[in-house]
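Asker: Chain by chain, the residues:
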Amino acid sequence: MKDAHVNLAIIGAGPAGMSAALRAKQFGLSVAVFDEQPTPGGQIYRDVMRSRSQKLQHVLGADYAAGKNIAQPFLDAGIDYYPGSTVWRVAPGELSWTSKSGSGELLADRILAATGAMERPFPIGGWTLPGVMTAGAAQILLKLDGVVADDAVFIGCGPLLYLIVNQYLEAGVKVRALLDTAPGTNWFRAAKHVAGALCSPSYLMKGLKLLSNIQSSGVPYYSGVESVRIMGTTKVAGVHWNDGRRDFSLECENVFLHQGIIPNINLTMAARCDHHWDDLQACFRPVVDPFGRTSCDWLVCAGDGAGIVGARSAALSGEIAALAIMHDLGFLKAADFRRETVPLLRLRRKDQRIRPFLDARYLPLARFRSPTDPQVTICRCEEVRREEISRALSEGCPGPNQFKSFTRAGMGPCQGRMCGNTVVESFCADTGSSPDAVGYYRLRMPVKPVTIAEIGGL
Amino acid sequence: MFRKLEPSTREVSILVSGQRVEVPANANLACALLAAGVQLTRVSPVSGAPRLPYCMMGVCFDCLATIDGIPNRQTCLESVREGMIVEIQDGKAQYMHEASLGDYE
Ligand SMILES: Cc1cc2nc3c(=O)[nH]c(=O)nc-3n(C[C@H](O)[C@@H](O)[C@H](O)COP(=O)(O)OP(=O)(O)OC[C@H]3O[C@@H](n4cnc5c(N)ncnc54)[C@H](O)[C@@H]3O)c2cc1C
Ligand code: FES
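As you go down the protein sequences, you meet chains A and B in turn.
FYI, the numbering for the first sequence is 43 to 500, going by this note's numbering.
FYI, the numbering for the second sequence is 1296 to 1400, going by this note's numbering.
Same shape as in the complex, but just chain A (with noise of 0.2 Å):
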């Protein structure tokens, strides 16, 4: 295994990363895919190809059924696919994986990163509880198994979580309440994005039909959430919330929590390529050019990963920086990339006219990104507060990477996913500084914790 060679490998088989495949592969690039998932389809079509009742795949709707027509495809076309795999290390020319039936390396002339995003923290007190999950979680339940739970809370707000309550409430499954936190001031900031919503009708039409369904659901909805407390000892016994004017109380037993999504920075980070921090999606991405081309020659990004643009314009992004790929590697002569990427360009852009409205429309209250409580959990892994980073400033210690060694922050499994931007928002908060002054937790590989005899078996 050690010496296979391939021209492309891609880690991450959702949209970004099977269009990619699929582009390479016709123009006879060899290559390799890994996920650890154990199906295709990433987090949008997540176990797509899973048969189901007609029931489940109504509930589920007709944009994720759409997910089979990349991933039948991508299953059909030959390609070196490693499910179940991950992989834990990248370096300039070749790939660490592990899987439960065992590990290798991989050389290959390129490695496309695809590796997609994830829910962005919502470090509110009590979201440590058994009974609290992501929305997204919820929605994986729903997806793999047609598992649900009756009389949950939903918190937070953005399109995934008006959908994941839409799906839910067409399953006939009881809401308890959606307590929304879009900020209403957010309306002057996403203002001046109006006229390119308006250019994306049918995107737009569907964000107010999830919103309108659930308002004429009869499910209770409350708008301007400003501070929110989840309850409980051992698990969730209930909700206090505040839309700063009154506050609430109620009982439930599940909490589905949801403020947004993030990249998956994890991978990229730890290649040790550029990242900024982009202001409208509060969030580090790797810098990358129009084709996906990171500062290292080796690594290119597509899809969510290097920076939010959704299912659509993350396939296109793949098939991108796949002809990129093939362009960089000497497969492409340069006037057939012109006029393959143009189209798919034009059809981003496109795409991409609603994003700055929806970015505006729905950042979360700067309380829910860095909290103001000081008693909040804010690193999950070594259950670390809020108040340690008042106090690791009061020592002098200078930013994320060393409230590491101060406080273990971002030292367990997780390896920062769950606490980095709340760290870095935080610091921002206490100093005045801007993320990019204080920077993120310095990574390194391995990207996903792996064990000696993993390492052992290469």
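Derived from the structure by calculation, the hints contain no laboratory data.
Treat the hints with care, since some could be wrong.
Listed next, the in silico DSBU-like pairs over lysine-lysine satisfying Cα-Cα at most 35 Å (straight line) [unchecked claim]:
1. B:Lys1299 with A:Lys142
2. A:Lys234 with A:Lys277
3. B:Lys1299 with A:Lys110
4. A:Lys97 with A:Lys234
5. A:Lys216 with B:Lys1299
6. A:Lys97 with A:Lys277
7. B:Lys1299 with A:Lys97
8. A:Lys251 with A:Lys110
9. A:Lys110 with A:Lys97
10. B:Lys1299 with A:Lys67
11. A:Lys392 with A:Lys110
12. B:Lys1299 with A:Lys234
13. A:Lys251 with A:Lys392
14. A:Lys277 with B:Lys1299
Facing chain B, a subset of chain A residues (Cβ under 7 Å, in silico) [stated by the list, open to error]:
15. Leu183
16. Leu186
17. Gly188
18. Val190
19. Glu268
20. Glu429
21. Cys456
Glycine residues also receive a C-beta, built at the ideal position from the N, C-alpha and C atoms.
On the provided structure of chain A, position chain B with the ligands as indicated by the hints.
Answerer: Positioned in the frame of chain A, the structure of chain B with the ligands alone reads:
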């Protein structure tokens, strides 16, 4: 409480903390544990607080459990197999950390 929208067509049995549990064949393990009403998969290493799967997509590591004797497995990335033995993960995840691995660059 989690429940399945539809009954499963085929079940297999697994052992969760010594208890026999019937779960749908081919189910995702974390999903099956939640649907079976399991109260915790992991005890947090610092305060000993109970945890259950949070993200279901492999990024939070709150679903860690010992599977067939191997500790620190992410149950949200596993499929169930007949006879699988799942134990609650108590205490620190025994992973190799960056410091002990050195710089792999
Ligand atoms: C939980 C969740 C649910 C979502 N649901 C929807 C939805 O219903 N509708 C919608 O429009 N958008 C949804 N999105 C948004 C989503 O990001 C899509 O826009 C789309 O999936 C992005 O495609 P992608 O190919 O860039 O990445 P993804 O689809 O996220 O695919 C990335 C893949 O990379 C794999 N991966 C990551 N790191 C590694 C590694 N180190 N080794 C091996 N494999 C790795 C992951 O397992 C994943 O399958 C969701 C996002 C999340 C986080
Ligand atoms: S539930 Fe988050 S990693 Fe498994």
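Asker: Does the interface hint hold: is A:Gly188 within less than 7 Å of chain B, judged Cβ to Cβ?
Answerer: Where the cut-off is 7 Å and the nearest Cβ of chain B is about 4 Å from A:Gly188, the hint holds.
Asker: Decide if the proposed pair is consistent with the structure: A:Lys216 and B:Lys1299, CA atoms, cutoff 35 Å inclusive.
Answerer: At roughly 14 Å apart (the allowed maximum being 35 Å), B:Lys1299 and A:Lys216 satisfy the hint.
Asker: Taking the closest Cβ pair, is A:Leu183 under 7 Å from chain B?
Answerer: holds (5 Å)
Asker: Could you grab the alpha-carbon distance between B:Lys1299 and A:Lys97 and see if it respects the 35 Å cut-off?
Answerer: holds (13 Å)
Asker: Hinted pair, alpha-carbon criterion (35 Å max): A:Lys277, B:Lys1299. Please report holds or violated.
Answerer: holds (21 Å)
Asker: Does the interface hint hold: is A:Glu268 within less than 7 Å of chain B, judged Cβ to Cβ?
Answerer: Cβ of A:Glu268 sits 24 Å from chain B, so the hint is violated.
Asker: Just to be careful, I want the Cα atoms of A:Lys251 and A:Lys392 compared with a cutoff of 35 Å; is the pair within it?
Answerer: Holds, because 21 Å separates the two Cα atoms, which is no more than 35 Å.
Asker: Regarding the pair A:Lys392 and A:Lys110, is the alpha-carbon distance no greater than 35 Å?
Answerer: Since the Cα atoms of A:Lys392 and A:Lys110 sit roughly 23 Å apart, the hinted pair holds (cutoff 35 Å).
Asker: Are A:Glu429 and chain B close enough, Cβ to Cβ, to be under 7 Å, as the hint says?
Answerer: This hint is violated: A:Glu429 lies away from chain B, its Cβ roughly 15 Å from the closest one there, beyond 7 Å.
Asker: Given the hint that B:Lys1299 pairs with A:Lys110, does the C-alpha gap stay at or below 35 Å?
Answerer: Satisfied, since the Cα-Cα distance of roughly 24 Å is no more than 35 Å.
Asker: With the threshold set at 35 Å, check whether the alpha-carbon distance from B:Lys1299 to A:Lys67 stays at or below it.
Answerer: violated (39 Å)
Asker: What's the verdict on A:Lys97 and A:Lys277, does the C-alpha distance respect the 35 Å limit or exceed it?
Answerer: Distance of about 32 Å is within 35 Å: holds.
Violation of the numbered hints given earlier is confined to hints 2, 4, 10, 12, 19, 20; the remaining hints are satisfied by the structure.
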